[in-house]
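Build the full structure now, drawing on both the sequences and the hints.
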Amino acid sequence: MAGVGTIFDLADRRREADEPHSPVVRFGVGKPLRLDAGVDFAPWQIAYQTYGTLNADRSNAVLVCHALTGDQHVVNEHPVTGKPGWWETMVGPGLPIDTERFFVICPNVVGGCMGTSGPAATNPATGMPWGLEFPVITVRDMVRAQAMLLDHLGIESLFAVAGGSMGGMQVLQWAASYPDRVFAALPIAAATRHSAQNIAFHEVGRQAVMADPEWRGGRYFAENTNPRRGLAVARMGAHITYLSDAALHRKFGRRFQDRDNPTFSFDADFQVESYLRHQGITFVERFDANSYLYLTRAMDYFDLAADYDGVVANAFRGTPTRFCVISFTSDWLFPTSESRAIVHALNAAGARVSFAEITTDKGHDAFLLDEPELFAIVRGFLEGAAKARGLPAR
Amino acid sequence: MLSRLKYDLTMAEAARGPGGSRVDLIVVADMVEPGARVLDVGCGDGELLRLLETRGVDGRGIELSREGVNECVAKGLAVVQGDADTDLEDYPDDAFDFVILSQTLQATRKPREVLEHMLRIGRHGIVSFPNFGHWKIRLQIFFGGHMPRTDNLPYAWWETPNIHFCSIKDFRELCRATGAKIEEAVALNAWGRRMRLKMPWWFWNLFGEQAVFLLSRPG
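Each protein sequence line maps, in turn, to chains A and B. For the first sequence, position 30 matches number 30 in our numbering, and the numbering has no gaps at all. For the second sequence, position 48 matches number 442 in our numbering, and the numbering has no gaps at all.
Where hints are given, some of them may not hold.
[Stated by the list, open to error] Label pairs and their calculated CB-CB ranges:
(1) Gln257(A) - Arg503(B): 23 to 33 Å
(2) Arg611(B) - Gln207(A): 49 to 59 Å
(3) Ala305(A) - Lys575(B): 34 to 44 Å
(4) Ser337(A) - Trp551(B): 26 to 36 Å
[Unchecked claim] A few chain A residues that face chain B, going by a derived Cβ cut-off under 8 Å, partial list only:
(5) Arg322
(6) Asn347
(7) Lys387
(8) Gly390
(9) Arg394
Simulated from the structure, these hints should not be mistaken for lab results. Every residue, glycine too, gets a C-beta built ideally from N, C-alpha and C.
Below you can see the structure in the form of structure tokens.
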């Protein structure tokens with residue numbers, strides 16, 4: 001496998017972007033992806049993974065939407081890092097999103113770098129990666145691309161759409177854009193819009209990437225450089241926002257890393273520094289710097305109300321979809337107030353909605369972690385929805 | 395609403411009807427038309443919603459306690475975490491056929507506003523509450539000289555979530571003040587059973603341990 005156990009270099013990155021370790025659907029010039037930026041983008045491609053079996057009447061499909069730095073490898077070994085999938089706790093046989101019962105599909109988002117069209121993919125006109133020539137994309141574009149994939153796979157309606165963070169934004173967009181195709185929606189740790197604070201954090205990350213001299217205006221593939229440091233700093237900053245003060249303190253406190261006393265230098269004296277540096281380094285091995293710019297931008301632009309006369313409830317007026325909104329007490333990036341705003345809008349729209357706030361100190365990342373209460377709620381919600389949908393009992 | 399959850403535990407062994415449901419909940423459920431859209435404010439662990447679901451009712455719930463909400467959602471019920479005192483105003487007019495306050499009203503800060511919201515959101519309201527005019531309670535205050543504690547109301551005054559107790563008589567006064575129309579009223583005795591005969595109000599106010607009112611909008 002490319003990269004596993006070796007250094008994943010720029011050539012591997014390009015190969016994974018064009019010829020990924022996943023099934024790919026390629027759309028020709030006759031089937032362009034209509035982008036919010038006003039571009040009919042073609043040819044384009046979308047890579048995806050599936051788990052479980054589609055039933056005879058095609059009614060058990062669950063779309064899993066990944067977050068900013070996630071990808072389609074939900075529960076299989078990652079082809080680049082060799083690590084387990086990012087939602088092994090939630091998706092699988094007998095787990096809340098039960099692959100013995102549901103047919104789970106997870107596509108890589110447009111703008112990503114794991115096989116769906118994005119800035120790391122090859123621009124057929126130049127033979128080189130798109131870089132900043134790639135059009136700016138939105139969450140709605142991601143969802144439109146996923147809908148075209150499902151059309152191609154012959155899946156008319158989804159039993160459920162689930163995702164956390166940017167994945168949760170896609171869930172909300174799915175329910176707004178295609179209400180008749182979504183039976184149940186599970187936006188976790190999400191929001192109807194990206195807040196000013198969150199845009200600000202993203203801008204710091206992007207500036208870190210762009211400040212790296214190896215970024216070269218986004219043309220690092222052509223110039224054979226790699227903006228590792230910039231992207232690592234961006235990741236370090238972002239990673240702090242995914243945790244919480246309490247979780248950081250619990251995990252690291254003020255403990256020193258492999259030493260008993262401070263070195264009076266700028267070495268990673270503290271465990272927390274060492275941890276963050278590790279997060280930065282491992283991230284750049286699997287992620288494309290330009291993709292990071294594009295996907296953070298897509299989240300910044302997300303504002304569901306803006307498409308519906310400034311009223312979020314209008315996005316869900318008369319929706320047949322049943323919703324389960326979940327937030328975490330210590331998530332300060334997508335705080336409970338944002339989930340409450342979703343619930344408020346859904347109530348105003350008369351939607352069938354459940355909302356639970358889960359007590360945890362793990363911050364925004366809690367949706368990826370071992371949270372038994374989260375699992376019980378997702379399981380119960382999907383169980384109730386499956387019954388209402390007439391899916392056979394477990 | 396938090397009270398409801400704890401209250402349910404103390405009530406758990408109270409009279410249960412066929413199918414194992416609490417009689418007071420059956421009385422409430424009997425007032426709901428089949429197929430109606432219902433909002434249960436302070437739905438506790440979801441027992442009433444489950445009962446309604448078996449009768450083909452489209453039920454939603456609001457519950458203050460996080461444990462109650464999470465338990466309900468894990469059971470597949472459509473319940474949101476929220477506060478009757480602050481969150482009812484988020485619901486549009488006429489969103490439901492029935493809004494239910496089952497053992498909840500006495501735990502709200504502003505019962506009058508909650509009652510007004512319930513009849514704005516729903517065409518009908520159903521309110522059940524412990525009757526503070528019951529003779530045992532009167533005796534405890536009169537002879538004991540202390541705030542009453544009963545099997546159904548086990549809290550000391552300093553820890554009770556029930557901050558707005560009322561008698562059946564008091565509740566009728568609130569209905570008059572808000573213009574709410576009383577369509578039906580039922581009193582339950584100490585064993586949670588429906589008091590059989592149509593009695594005068596003063597009798598219910600003395601011997602009814604709980605009351606269930608079906609209300610409609612001021613006409």
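Run the structure past the numbered hints and jot down the numbers of the failing ones, going up. 1, 8, 9
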